[in-house]
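What follows is the residue order along each chain.
2 protein chains.
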Amino acid sequence: MSEKKVMEKKLKKIGAKIGDVVRVTKKDNKYEGVMMPHHEFSDGKIITLKLKNGYNMGVEIDDNTKIALVKKQKEISKKSKKIPFDEDKPTISILGTGGTIACYVDYRTGAVHPATSTQELAFSVPDIFDICNVKTEVVYQMFSEDIEIKHWQKLAKTIAEELNNGSNGVIIPHGTDTLAYTSAALSFMLKNLSGPVVLVGAQRSSDRPSSDAALNLIAAATVASKSDIGEVVAVMHESTSDTSLAIHRGTKVRKIHTSRRDAFKTINDIPIGMVENGKIKINGQYRKKTKGKVSIDDKLETDVVMIYSHPGLKPKDIPDKKGIILIGTGLGHVSKKIVPRIKELSEKGTIFAMTSQCFFGRINMNVYSTGRDLLKIGIIPCEDMLPETAYVKLMWALAHAKNRNEIKKIMQTNIAGEISKRTRSDTYL
Amino acid sequence: MSEKKVMEKKLKKIGAKIGDVVRVTKKDNKYEGVMMPHHEFSDGKIITLKLKNGYNMGVEIDDNTKIALVKKQKEISKKSKKIPFDEDKPTISILGTGGTIACYVDYRTGAVHPATSTQELAFSVPDIFDICNVKTEVVYQMFSEDIEIKHWQKLAKTIAEELNNGSNGVIIPHGTDTLAYTSAALSFMLKNLSGPVVLVGAQRSSDRPSSDAALNLIAAATVASKSDIGEVVAVMHESTSDTSLAIHRGTKVRKIHTSRRDAFKTINDIPIGMVENGKIKINGQYRKKTKGKVSIDDKLETDVVMIYSHPGLKPKDIPDKKGIILIGTGLGHVSKKIVPRIKELSEKGTIFAMTSQCFFGRINMNVYSTGRDLLKIGIIPCEDMLPETAYVKLMWALAHAKNRNEIKKIMQTNIAGEISKRTRSDTYL
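As given, the protein sequences belong to chains D and X, one line each in that order.
Residue numbering for the first sequence follows the working numbering, starting at 12 and increasing by one per position.
Residue numbering for the second sequence follows the working numbering, starting at 12 and increasing by one per position.
No lab work stands behind these hints, which were simulated from the structure alone.
Check the hints yourself; a few may be wrong.
The list cannot tell twin chains apart, which means a pair is met if one copy fits it or any two copies do.
[As the list claims (entries may be wrong)] Distance condition first, Cα-Cα at most 25 Å in a straight line; then the derived PhoX-like pairs of lysine-lysine:
#, residue 1, residue 2
1, Lys348, Lys310
2, Lys37, Lys146
3, Lys161, Lys93
4, Lys37, Lys302
5, Lys413, Lys432
6, Lys332, Lys347
7, Lys21, Lys161
8, Lys327, Lys348
9, Lys332, Lys348
10, Lys348, Lys168
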């Protein structure tokens, strides 16, 4: 009997289904948790439990492992819920993409179920319906680390359609791992936005007591329906408390902590604003939404890579690509040992652009001779742009420019708030 | 006449030498500044001026460029100064390596001169002699982005010699770009330290009003001569004010800003301590210095590279190496598209270890199936280790272990404070 069959038989015997609480006994260890949907990557012999502490754990099931049913999950009504509509409220579109925020439970009944539709996601946080009318669509359903360039393009197309069909704003629930890459990509691809485009994620799934999913979604709905922002933004917890949420510019936001709820920060700038007690407070400058049609400019050159500079990096570690984002040291440097290789590739046509592995601060390649030598070769300094944003922008620039000078001009022009104005703090703090 | 000759002739005519203030007039532009030593990378026709704002600028000199002498630099006494010796004071060794901190001026007379000896560096901050006796040596003199593995090894050897010859501690003035890589490398290479090993840098050269060079050096001398720390640490400005300096563990420190004086932070831990008003305040646990002999364990495998994971990264972007540090997204993920390539290389013998591009926080590859799949392949999770530290440690582990299991064991054992204990904040903040 195959391993998968062994497990299926055991589960059938005790009548346990996805969403039920089970106890697995293996030698002297006991594991109790909610049985999660089977993931395509997992072995057939692995059962995935969501433990009480909120973490998922895979346990290998063999002939000697015991499984007992502890509690059936509460029944979820099968009849299709109707989304309420109030003609006095603005209408927003929720476009599902996957991620932790979509691994939700009904946060009042506690029943765990996979997010098979964005509609269900909206219903799991019914407070949204007090704020706005909701249209929902699942664009794709995946872990955000698997998102590729083609997914950005599909998403941009759907966003433009929703706004051009009358939605006041768009919410995109998204996995946090690559949320900032997507928000930067959308910032360059979408033009003339007639409403806010709000990416939102969760660091803790909504079955955990400390989940940020509901509050982040409610704040995102507030920004999408009530603000006049015509930019791509990310709305996430601003601190570890539940009192305020930040509105980050899509090209300036970065995930700087693996697990904290306030992991997302605006880097080298202040957030556009905050959401506090359901009210939007604006802190910084932003582009206002327009009354025209949204257009898409989604061509991207995919032969681009990010290279992290470090001691011991060898000339042959720099590949032959159309574009390379160097994540240099300090103000924008690499070892002189790899400069000849950069020169060689650059002469053959590779476009190099420089960012810093410090993340905070601006690069300045005029201070030391290493930087000046790189400028002489033609490397494009990316000012205070985040490496992730510079990567997306270089893909976009390569697909939109006819020659090296045009690419350089695009990279050094502030298109979507990705380059901050120089301030005194850039040099003197 | 060659370009170099054109410039030499012009300079000779007006009697201008390195260190003098000159005014260069080119078309309608005037540039005034201190003439800096000629750098080997610069063109023969470039003159480098240190402007009043502290920045260096290269100006191209041609037949039509005018150069005028504004002010001769103050004469520096040519007679060799004798370093004072006080037998009641501890003795430390200053080992020069280069970097901004070595681009100094006499900070009282304002005269600019290149750091031709570490002795001069010590004399530029004579307050050090109130704290300790000083032995000086230049180990090498280079930009820190050019430092390679062999330089770490030479430095480790010299440090061990100095401590074993009776020095109470060692100071290593170092460029800030790769200071944290060097401090991590030394942390693994030096065993049984009989005194503090203190790396110190400057974000602003000492001819700038906001220079941090002098204060950082004085605090470093305090830690090297008065503390009982038996670890490799970095001492740098703790805030933008001049009131306190932090003592960072060598494996936990990172440069997180391109230009601020408080750019160095202890990540995922608290600093070992502070230096305030010349006094050392200890905050955290540390290894005490021993009374034995320092030994060196400096074997490193150099066929290791750091790979920054990002959307669009392709299987062929993962090279065939003995070791690869993945800088993954979030809790330690990569796109499922590159997992087969990782599996293939791993089966052929490449050791992969996972860190996070979030920098703050701990990776946890058990939460999502992507992480679990990578663990199954044998990828080593690096807990809350910094990518830079994990890189250096993997080079060290590969050179010290006989097989995959031993490498894994070394990577997951806390050797030099590089892995913090799990705390509640790792998951619940």
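We went through each hint and held it up to the structure:
When the C-alpha separation of Lys348 and Lys310 is checked against a cutoff of 25 Å, the pair qualifies only between copies, where the shortest distance is 22 Å, while the shortest distance within a copy is 35 Å. Proximity of Lys37 and Lys146 under a CA criterion of 25 Å is satisfied in neither setting, with 46 Å inside one chain copy and 63 Å between copies. For a Cα distance limit of 25 Å, the shortest separation of Lys161 from Lys93 qualifies neither inside one copy, at 32 Å, nor across copies, at 69 Å. Within a single copy, Lys37 and Lys302 get their C-alpha atoms no closer than 62 Å, and across copies no closer than 50 Å, so neither meets the 25 Å cut-off.
In this homomeric assembly, Lys413 and Lys432 never come within 25 Å of each other (Cα to Cα): the closest approach is 27 Å inside a single copy and 53 Å across copies. Proximity of Lys332 to Lys347 under the C-alpha cut-off of 25 Å is found in both arrangements, the shortest distances being 20 Å within a copy and 22 Å between copies. Taking the shortest Cα distances, Lys21 and Lys161 never come within 25 Å of each other, neither inside one copy (41 Å) nor across copies (59 Å). In this assembly of identical chains, Lys327 and Lys348 lie within 25 Å of each other by CA distance both inside one copy and across copies; the values are 11 Å within and 24 Å between.
Taking CA atoms no more than 25 Å apart as the test, Lys332 paired with Lys348 passes in both settings, with 19 Å inside one copy and 19 Å between copies. For the homomeric pair Lys348 and Lys168, the shortest alpha-carbon distance between copies (24 Å) is at most 25 Å, but the shortest distance inside one copy (44 Å) is not.
Going through the hint list in order, the structure does not satisfy hints 2, 3, 4, 5 and 7.
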